[in-house]
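> The lines below spell out each chain.
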Amino acid sequence: MKLSAVLFLSAVSTVLAGRTLVFPTQTSTSYVEMTPLKPLSLRAFTLCMRVATELSGEREIILFAYRTQHYDELNVWRELDGRLSFYLSGHCVLFKTPELGPMETHLCFTWDSSSGAAAVFVDGRKSLTKIYRKGHVIRSGGKVILGQDPDAYLGNFEAKQSFVGEIGDVNMWDTVLSDSTIRDMFNGKKVERGNVFDWESTQLRTNGDVVVVNREL
Amino acid sequence: MKLSAVLFLSAVSTVLAGRTLVFPTQTSTSYVEMTPLKPLSLRAFTLCMRVATELSGEREIILFAYRTQHYDELNVWRELDGRLSFYLSGHCVLFKTPELGPMETHLCFTWDSSSGAAAVFVDGRKSLTKIYRKGHVIRSGGKVILGQDPDAYLGNFEAKQSFVGEIGDVNMWDTVLSDSTIRDMFNGKKVERGNVFDWESTQLRTNGDVVVVNREL
Amino acid sequence: MKLSAVLFLSAVSTVLAGRTLVFPTQTSTSYVEMTPLKPLSLRAFTLCMRVATELSGEREIILFAYRTQHYDELNVWRELDGRLSFYLSGHCVLFKTPELGPMETHLCFTWDSSSGAAAVFVDGRKSLTKIYRKGHVIRSGGKVILGQDPDAYLGNFEAKQSFVGEIGDVNMWDTVLSDSTIRDMFNGKKVERGNVFDWESTQLRTNGDVVVVNREL
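Respectively, the protein sequence lines represent chains A, B and C.
Just so we're aligned, residue 1 is where the first sequence starts under the working numbering, counting upward by one.
Just so we're aligned, residue 1 is where the second sequence starts under the working numbering, counting upward by one.
Just so we're aligned, residue 1 is where the third sequence starts under the working numbering, counting upward by one.
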């Protein structure tokens, strides 16, 4: 009993500030579970992260997955053709953007149910707005993971869709932040902390080959 | 009678701050009419906007059209070859610039009749100055629309020239603003409001498939 | 006599601040002579300017020419292959830099005789330093012109080497300015005025098809 408790603790990262996650290799087993600060019952969101990857060419890359028992509630992807996308349990909304690559990119995805307005910000620059899933509500009760795409509830991972590279500074709000706030965040200025995920305090539970590295932003 | 009044009101946007226009698809029917704050009898202007579009390749794109009964008084284009241009009732002045694309670009066009100096600023960077239509005066008495190119007075639209994407923050002054003011505007700083068009207060009348989205800059 | 005096005056620009020079077409006759504030007997210099041109491909472009009776004392070029260079009466020093183009670029060239250190700053970013003409002294007694390369004293111009586009904010110091001063200048901040050429006060004598446009930086 005591041993398993220790193992459990060692897998929960206690470094609260300036950490970043490195997924060194392609696997179908490595992922990080993030515990949200509140249930993900959302009519709007801003989801930001910093990402760098040496993956390129025709390869899907999962960037963020929130799955309930039966639905992919919010999955964020780099698609086969390089476009960024997210899925709210159904068809996706796609964005043409500068390509992700080995130099770190700051990403923010925004969506608002009342208008359906969806956008992505790449290094502080806004894409054009798409109208998507107006009136929809994201449901609570699931799990959020980085590194894998769960085709079932925390399972059925596929290595070819896994994340390989570095990801961090993952923050989420239940509102759409202003353009200038997102630009400030990209520029490393302090902004209001995420009220769904706050990277400085969010508990991370790592599984498989994931390295947690300290880092000063 | 009452019904048509209600329809009329519903088409006039009453959101005064931080709105942006999304033209989701190519049409020959969707456009937005803007009501100016003063007659467009102009010996100089600065016309600014934020634009994002996934259109690419050999496609003309109308960015702004001011037409009187018989003349295209001031039409702003992205030309077939990607260059930006504007027409003051006649031949155009062309500018080689970085290409418009799906990430938002801030544009300002300036022209001064006394010298003929014409320039475009892309994300705060100035193009070279061209000498164009020295002594010319833009005439008042027409209509300004976004989304379509009117080959007749508010008619004869062509889908292949229509705007598809997002456009907003359209402001116009009857003077040439300084380079530093335009750079500040690109950077999201507050500058003096447009005295011909002020995006925060200008009445917009939408027609067809145009979505007005609230947005905090 | 009176007529020629009037013509002479009309050719001397009296607008002292915020002017810019437009060379609309390729000629072997259009140029602007600049009167320095002190003799160009120099053991060091910083020479800055803002330049935009739609010329591209394999084309030499003269950016600044200081010629005495028998020597090209200080000629600044965009070379055939796009590199920037300057010549102190003899072979040149070459710099690989981002290409000049139709969007305005801020350039500063620096050289110091005591070390031979030569560099160019493009939009505030420094090139690598080259060692060039250590111990050399630039001689006074010549003429400075923009727009043409004089192969003889103010003559033998070649259209294929002429400047076409816009040039302005040409300032020169008899010292090497600090990197941060040059970065501030690029960003439009006020710095100490040039003591060899001060664009705000330098007398310009235009010849041929050159348009002097007022401009607020």
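Honestly, the hints are just simulated from the structure, not real lab data.
Hints are not guaranteed to be accurate.
Note that identical chains are pooled: a pair holds if it fits in a single copy or bridges any two copies.
25 Å max Cα-Cα, derived DSS-like pairs, lysine-lysine [to be verified]:
1) 38 with 190
2) 160 with 190
3) 96 with 126
4) 38 with 126
5) 134 with 189
6) 130 with 38
Only a predicted model underlies this, so the values are computations on that prediction, with no experimental measurement involved.
> Now, for every hint given, state plainly whether the structure supports it.
Results of checking the hints against the structure:
no.: 1; hint: 38 with 190; verdict: within (22 Å within a copy, 36 Å between copies)
no.: 2; hint: 160 with 190; verdict: neither (36 Å within a copy, 45 Å between copies)
no.: 3; hint: 96 with 126; verdict: both (11 Å within a copy, 23 Å between copies)
no.: 4; hint: 38 with 126; verdict: neither (27 Å within a copy, 32 Å between copies)
no.: 5; hint: 134 with 189; verdict: neither (32 Å within a copy, 31 Å between copies)
no.: 6; hint: 130 with 38; verdict: neither (27 Å within a copy, 33 Å between copies)
Violated hints, listed in ascending order, are 2, 4, 5 and 6; each of the other numbered hints is respected by the structure.
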